[in-house]
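J.: Chain by chain, the residues run as shown.
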Amino acid sequence: MSVSATATQPPAPGARKRERSLVINKLRKEYRAGQPVLRDVSLEIANLGLTAIIGPSGTGKSTLIRCINRLVEPTAGEILFRGQDIVRLSGPELRAMRRHIGMIFQEYNLVERLSVIENVLCGRLGYVPVWRAWLRRFPPADVERAFQLLDAVGLADFANQRADQLSGGQRQRVGIARALMQEPDLVLADEPTSSLDPKTSVEIMELIARRAAERNIPAIVNMHNVELARRFAERIVGMSKGSIVFDGPPDALKDTHLIEIYGGEGWLE
Amino acid sequence: MSDAALSRPRVAFPPNWPARIGFIVLIAYVAYASTILDFTWDRFMRGLGQGANLLARMFPPDFAADKMALLYVGMTESLQIAIIATVVGVLLSLPLGLAAARNLAPRPLAWAARALIALFRSLHPVIVAILFVKSVGFGALAGILALIVASLGFLSKLVAESVEEMSMKPVEAVRATGSPFLSVVIMSVIPQVIARFIGFSAYQLDSNLRNSALVGIVGGGGIGSTLLTAFQRFDYDFVLTIVLAIIAIVMVGEVLSGWMRRMFQ
Numbered sequence: 001m002s003v004s005a006t007a008t009q010p011p012a013p014g015a016r017k018r019e020r021s022l023v024i025n026k027l028r029k030e031y032r033a034g035q036p037v038l039r040d041v042s043l044e045i046a047n048l049g050l051t052a053i054i055g056p057s058g059t060g061k062s063t064l065i066r067c068i069n070r071l072v073e074p075t076a077g078e079i080l081f082r083g084q085d086i087v088r089l090s091g092p093e094l095r096a097m098r099r100h101i102g103m104i105f106q107e108y109n110l111v112e113r114l115s116v117i118e119n120v121l122c123g124r125l126g127y128v129p130v131w132r133a134w135l136r137r138f139p140p141a142d143v144e145r146a147f148q149l150l151d152a153v154g155l156a157d158f159a160n161q162r163a164d165q166l167s168g169g170q171r172q173r174v175g176i177a178r179a180l181m182q183e184p185d186l187v188l189a190d191e192p193t194s195s196l197d198p199k200t201s202v203e204i205m206e207l208i209a210r211r212a213a214e215r216n217i218p219a220i221v222n223m224h225n226v227e228l229a230r231r232f233a234e235r236i237v238g239m240s241k242g243s244i245v246f247d248g249p250p251d252a253l254k255d256t257h258l259i260e261i262y263g264g265e266g267w268l269e
Numbered sequence: 001m002s003d004a005a006l007s008r009p010r011v012a013f014p015p016n017w018p019a020r021i022g023f024i025v026l027i028a029y030v031a032y033a034s035t036i037l038d039f040t041w042d043r044f045m046r047g048l049g050q051g052a053n054l055l056a057r058m059f060p061p062d063f064a065a066d067k068m069a070l071l072y073v074g075m076t077e078s079l080q081i082a083i084i085a086t087v088v089g090v091l092l093s094l095p096l097g098l099a100a101a102r103n104l105a106p107r108p109l110a111w112a113a114r115a116l117i118a119l120f121r122s123l124h125p126v127i128v129a130i131l132f133v134k135s136v137g138f139g140a141l142a143g144i145l146a147l148i149v150a151s152l153g154f155l156s157k158l159v160a161e162s163v164e165e166m167s168m169k170p171v172e173a174v175r176a177t178g179s180p181f182l183s184v185v186i187m188s189v190i191p192q193v194i195a196r197f198i199g200f201s202a203y204q205l206d207s208n209l210r211n212s213a214l215v216g217i218v219g220g221g222g223i224g225s226t227l228l229t230a231f232q233r234f235d236y237d238f239v240l241t242i243v244l245a246i247i248a249i250v251m252v253g254e255v256l257s258g259w260m261r262r263m264f265q
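Chains P and Z, in that order, are what the protein sequence lines are. Read in order, the letters of the first sequence correspond to residues 1 to 269 in the numbering used here. Read in order, the letters of the second sequence correspond to residues 1 to 265 in the numbering used here.
The reader is advised that the hints may include incorrect statements.
[Said to hold, decoys possible] Derived DSSO-like pairs: lysine-lysine, alpha-carbon spacing no greater than 27 Å straight-line:
#, chain 1, residue 1, chain 2, residue 2
1, P, K254, P, K199
2, P, K241, P, K26
3, Z, K169, P, K241
4, P, K241, P, K254
5, P, K199, Z, K157
6, Z, K169, Z, K157
Honestly, the hints are just simulated from the structure, not real lab data.
This is chain P alone, in the form it adopts within the complex (with noise of 0.2 Å):
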């Protein structure tokens, strides 16, 4: 606990950058005893701008990024990120350390019964109390802010709609809108394009490349799409059957890489 006592306290000037950084250490996630889904993987991530995880579906990527807040529970290895392993943290420990991390979902994830704007301000449930969630008033502030959000997003008029009256792409903006609502050190997203057209797509990655670059962030992002991560990108992970088999920037990614990621070759044309 002597470790979360010094994160408690305000950052040296100059520590910010160091504070920012993700070291995950012999990262190991077995659903089923004897099954590793994660093979003790080490990744640090201390770079700013994105990095995209790639890798065939079922490799690991989602579990990967699950396990940074702990969305998934990881079987052994440490995260650290603010001074703190995030692997030990429990109850409010846990939940502070949430408030840090931007989640953006593949399926969006918005309550669809609620309107956009109260979508939008879930993202501070991790800093308002209770009875304010419960009655509605959320800070004026917050409030302030969300709507500048829905600005940055291109959805100022939609602030009042239900969020199922939203298409795909639409619902992703809010959905990022909630992450930055948390003024997060670290975005995370799980396939964030994987349900929209290729032009959403490109929109929607250069809205969160943009986003993360303003708030000085990293980002870390898993997708299918090698293009995109070529495109966006300015680090590349790449996995395979629970480890890393590739990490190095776009121009370094050859064929054959993707060849050991994905296996075969017949789809390379």
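For this one, chain P is given, so just place chain Z on it according to the hints.
T.: Positioned in the frame of chain P, the structure of chain Z alone reads:
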């Protein structure tokens, strides 16, 4: 493959012998039980004479002023019993239903809550009302308590089922923001189940209106007590007035609850 197809005629709907035998046994048992209990046409015809006699004594219904005053007092008490029991039942059923939902509550809590709900549901409101009349005495309190138990049994079970059927995706997303558990419930669970819950509550109000007459008959207060007294004094014309009033109230309740359900769709 074609050999097998040629040698044996293919049957699209093979006979289900266990089902056929089961059905025959059921019919035979109903016939047997009917003779044992004297459930026969003769017996029915003899009963009809009695019924005609009763109907004759019911008409015309009694609208005398003193009777109307009794009716009014009984009816308002029944309405109050039904409304209090519904409101308290609705308020208590949300936490109990959430505690019983296996996708949110820890296992031991969910099982305890489920056991409690099963207990509430196992006895008919009339039997529960008798128990309360014997333990807290005659009057409205016993009726209210009995209907609260009935409302809790019905509503909590449906809340638990709705919560277990809802999408976990928004719940996961709200959890990922670092939200405390109660805020997760308020912002992602309740919005998903509230429309159905209001529908159930409206239905329960409807059902409590009907049952409030019933619990009165066993001493739980309200119009049921008035009805029982009228029967015992052979005031069959007043009985008819009461029955008509109950039918009217239940119909108004049905219209109101349907209207409530539509409003919150």
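J.: For every hint, state whether the structure bears it out.
T.: Going down the list of hints, with the structure as the test:
1. Taking the CA atoms of K254/P and K199/P, the gap is about 25 Å. The hint holds against a cut of 27 Å.
2. Only pairs whose Cα atoms come within 27 Å are accepted, and K241/P paired with K26/P is accepted, the gap being roughly 15 Å.
3. Distance check on the hinted pair: K169/Z and K241/P sit about 26 Å apart at the alpha-carbon level, within 27 Å; holds.
4. Restraint check for K241/P and K254/P: satisfied, since their Cα atoms lie roughly 19 Å apart, inside the 27 Å limit.
5. Between K199/P and K157/Z, the direct Cα distance comes to roughly 46 Å. Violation of the 27 Å bound is thereby established for this hinted pair.
6. At roughly 23 Å between alpha-carbon atoms, K169/Z and K157/Z fall within 27 Å of each other, so this suggested pair holds.
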